Amino acid sequence: MPNIEEKLKEIMALVFDVSTEEINEDTSPDDLDNWDSIGSINLVTALEDEFDIEFEEEDIIEMLNFQLIKIKIEEKIEA
Amino acid sequence: MNSYLELLKAKANLEQKSYSHNIELVVLNNITTNPIKDYLEYNCAVNNINIDITFGDYDNISQNAQEFDLNNKIVLIFWELANCLHGLEYKIDSFDTEHIYALEQKIQAELQLTFAALANASLVIMNRFTALPFSYLQTQTGELEELAIRLNRFCEEHAPKSIKWVNTDKCLVQSGIENTIDFKGYLKNKLLYKHGFYMSYMKLIQPYFNAVTGQVKKLLALDCDNTLWKGILGEDGFDHIAMDENTYKGQAFAAAQYRAMSLGKKGVLLALASKNNEEDVDKVLENHADLTIKQDVLVAKKVNWEAKSENLKQLASELNIGVDSFVFVDDSDFEVQLMRDQVPSVETIQVPKNAVQYYVDQQQWTNYFLQLNESQEDGKKLDQYKQNVARSKAEGKSQSFEDFLKALNLELTIYKNDEQLISRMAQMTQKTNQFNLTTPRYTEAQITQFVNDEAYDCFAFGVKDKFGDSGITGLCIVNYVDENTAHIDALLMSCRILGRTVEYRFLEEVLTQVFAKTQHLEGSYIVTKKNAQVADFYPKIGFQLKEQSETMTVYSMKKATFAAANAYNYITLHYA
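Protein chains in written order, with this note's numbering: chain A, 732 to 810; chain B, 1151 to 1726.
Among these hints, one or two may not hold up.
[Stated by the list, open to error] Listed next, the in silico DSSO-like pairs over lysine-lysine satisfying Cα-Cα at most 30 Å (straight line): (1) 801(A) - 1167(B); (2) 740(A) - 1556(B); (3) 1187(B) - 738(A); (4) 803(A) - 1338(B); (5) 801(A) - 1614(B); (6) 1187(B) - 807(A); (7) 1614(B) - 1581(B); (8) 807(A) - 1159(B); (9) 807(A) - 1334(B); (10) 801(A) - 1340(B); (11) 738(A) - 1159(B); (12) 1566(B) - 740(A); (13) 1334(B) - 801(A); (14) 1340(B) - 738(A); (15) 740(A) - 1340(B); (16) 1566(B) - 1556(B); (17) 801(A) - 1451(B); (18) 740(A) - 1581(B); (19) 740(A) - 1167(B); (20) 738(A) - 1709(B).
These are calculated hints, taken from the structure and not from any lab test.
From a predicted model like this one, the values you see are computed outputs, not experimental measurements.
Let the hints inform the model, and build the full structure from the sequences given.
Have a look at this one:
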């Protein structure tokens, strides 16, 4: 689902205030200054807005990089 | 904007630039409020302010207030009562009196420490204590609500007077509890508020940021028809405009007058900006029994047929205040859009079509004029301003009006002898007073006769622009008296379409049609109490004076002297 990947990239860029070029499959909290605990909360809010899904606490713990977040979103949408 | 994500997108789409004003803000909180950063940055950018935001540590308000350098900074405090103790909202009713008392003493001590540390801040905005998110389903007043009441009273007595208090219950009412309170977020991350809350909250506090950066409005310019009163003075007449507060129809408009006057009392300048005959409006101001707002509270009246943008620019220079300190209220899409286009620094308020909505929205008028120190202002400056107006003279017009018209995508549709429009044409002759050269009042039977008679042509028209369609709003009836001569029997249009040169384009087309059939055309202007604005219409478009009496002037034009000027090519013309 390339659409999810593009949207995720766009949203992460918006939330963390960076350009989409700075985000790749492996981007993790270590790579972006604004990806701290507050940034994670904002990211979850924005993703819930976009995909009309709801994350649970255990989901959020597993969202450790771009790739893992993408998989999580796909699971949620399929479910 | 319906979600946090939409706000982020809107913020990303803002032009990247440095704004004219700067503020530094410190947010102190005992719950997670970090998303407010994006809302603050967006709203300040829209209001031409760069904002630099620092957050205090979570749940460390009084200590942060001591430690931080608050000198000349703005401090925003979210002191959430329910989180003064983990789970207080469900625990407090189980506490005994001593326990609650001890807790209250602790909060009061922290408040005192905080207040003492805020003396050097340029502005402090703090939320009132509230229990509403945790008590709105409960019949009896619980301990959390009682505690909120007592703490608010304590703040009134001990807090510096300079603190601006915000009642966040208003956010819950504005956006609804389901859009403002995030109970799941609260239980997970102490994230109590969500999108709707922050949107409403920004609406409530933005006026303070505008005030602290000197962006306070000074003058309220009001349209008359369908703004100060219901109805159109020039068409409905003196006796049929409504502003009686004892009628449903008039009350929203009476309310508007009172709202304006209460602003006047606070020192806001009030002016009229209306396309009307000045004497008609003066008559209302002097004699109308239902009128509340009187002449003497107005700093100026710009009642004429000129563009309102020009009128306001002129008024600004007469008063010697910036036009960016003006708020303009009008019911017309056209006037509001024209103002936004021509003088974007004027704040515009469009009167909603629904009078009840108008009545409700008026609550917000005062926000534009919010001052940090209200008591410094008074209404006495009005006289000085009035003198300024008297001294000043009219200034030149803006060059870009034509460009504005070009951008409107004006479309003129002409309906020639259209049987479908007979009742509308008759109605127009009966209702139109101001732009009406001869003011004949025709019945449907008479119009039917004209439409079917070879010796008459009835040209009706409608105007559309990018803001909307005004419907069928003008009429010209031509009578071919003999082989070589025609008379313009009727020429009228609704005032709400004037100001866009449509009248000239329409008549040019009518003349082109008429001169295809005849050599000589006459038109007359018959004086009424209401049609002074068209007294010079025929000479303006190239007619020659033929005869003149006190009540009537006859003009004529020969085919040889007529040439379509094609000056109004930005108006697209077609036939229905």
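Status of each hint after checking the structure:
1. The hinted pair formed by residue 801(A) and residue 1167(B) fails the criterion: a straight-line CA distance of about 33 Å is larger than 30 Å.
2. For the proposed pair residue 740(A) and residue 1556(B), the alpha carbon gap of about 41 Å is over 30 Å, so the pair is violated.
3. Taking the CA atoms of residue 1187(B) and residue 738(A), the gap is near 23 Å; set against the 30 Å cutoff, the hint holds.
4. With a CA separation close to 19 Å, the supplied pair residue 803(A) and residue 1338(B) stays within the 30 Å bound.
5. Our distance criterion of 30 Å between C-alpha atoms is broken by residue 801(A) and residue 1614(B), whose separation comes to about 49 Å.
6. Between residue 1187(B) and residue 807(A), the direct Cα distance comes to roughly 29 Å. Compliance with the 30 Å bound is thereby established for this hinted pair.
7. Of the pairs offered as hints, the one joining residue 1614(B) and residue 1581(B) holds, with about 21 Å between alpha carbons and a cut-off of 30 Å not exceeded.
8. Pair hint residue 807(A) plus residue 1159(B) holds up; C-alpha atoms about 23 Å apart against a cutoff of 30 Å.
9. For the hint pairing residue 807(A) with residue 1334(B), the CA-to-CA distance comes to about 18 Å; that is within 30 Å, so the pair holds.
10. Simply put, residue 801(A) and residue 1340(B) have alpha-carbon atoms about 26 Å apart, close enough for the 30 Å limit, and the pair holds.
11. For the proposed pair residue 738(A) and residue 1159(B), the alpha carbon gap of about 12 Å is at most 30 Å, so the pair holds.
12. At most 30 Å may separate the alpha-carbon atoms for a hinted pair to count; residue 1566(B) and residue 740(A) exceed this at roughly 59 Å.
13. Of the pairs offered as hints, the one joining residue 1334(B) and residue 801(A) holds, with about 23 Å between alpha carbons and a cut-off of 30 Å not exceeded.
14. At roughly 28 Å between alpha-carbon atoms, residue 1340(B) and residue 738(A) fall within 30 Å of each other, so this suggested pair holds.
15. In summary, the hint linking residue 740(A) to residue 1340(B) is supported, as the alpha carbons are separated by about 27 Å, within the 30 Å threshold.
16. Between residue 1566(B) and residue 1556(B), the direct Cα distance comes to roughly 26 Å. Compliance with the 30 Å bound is thereby established for this hinted pair.
17. A threshold of 30 Å between alpha carbons decides the hint, and for residue 801(A) with residue 1451(B) the separation of about 63 Å lies outside it, so the pair is violated.
18. Note on residue 740(A) and residue 1581(B): the hinted pairing is violated, with a Cα-Cα distance of about 61 Å set against a maximum of 30 Å.
19. With a C-alpha separation of about 24 Å, the suggested pair residue 740(A) and residue 1167(B) falls inside the 30 Å cut-off, and the hint holds.
20. For the hint linking residue 738(A) to residue 1709(B), the alpha-carbon distance of about 67 Å lies beyond 30 Å, and the restraint is violated.
Against the hints set out earlier in the document, violations occur for numbers 1, 2, 5, 12, 17, 18, 20.
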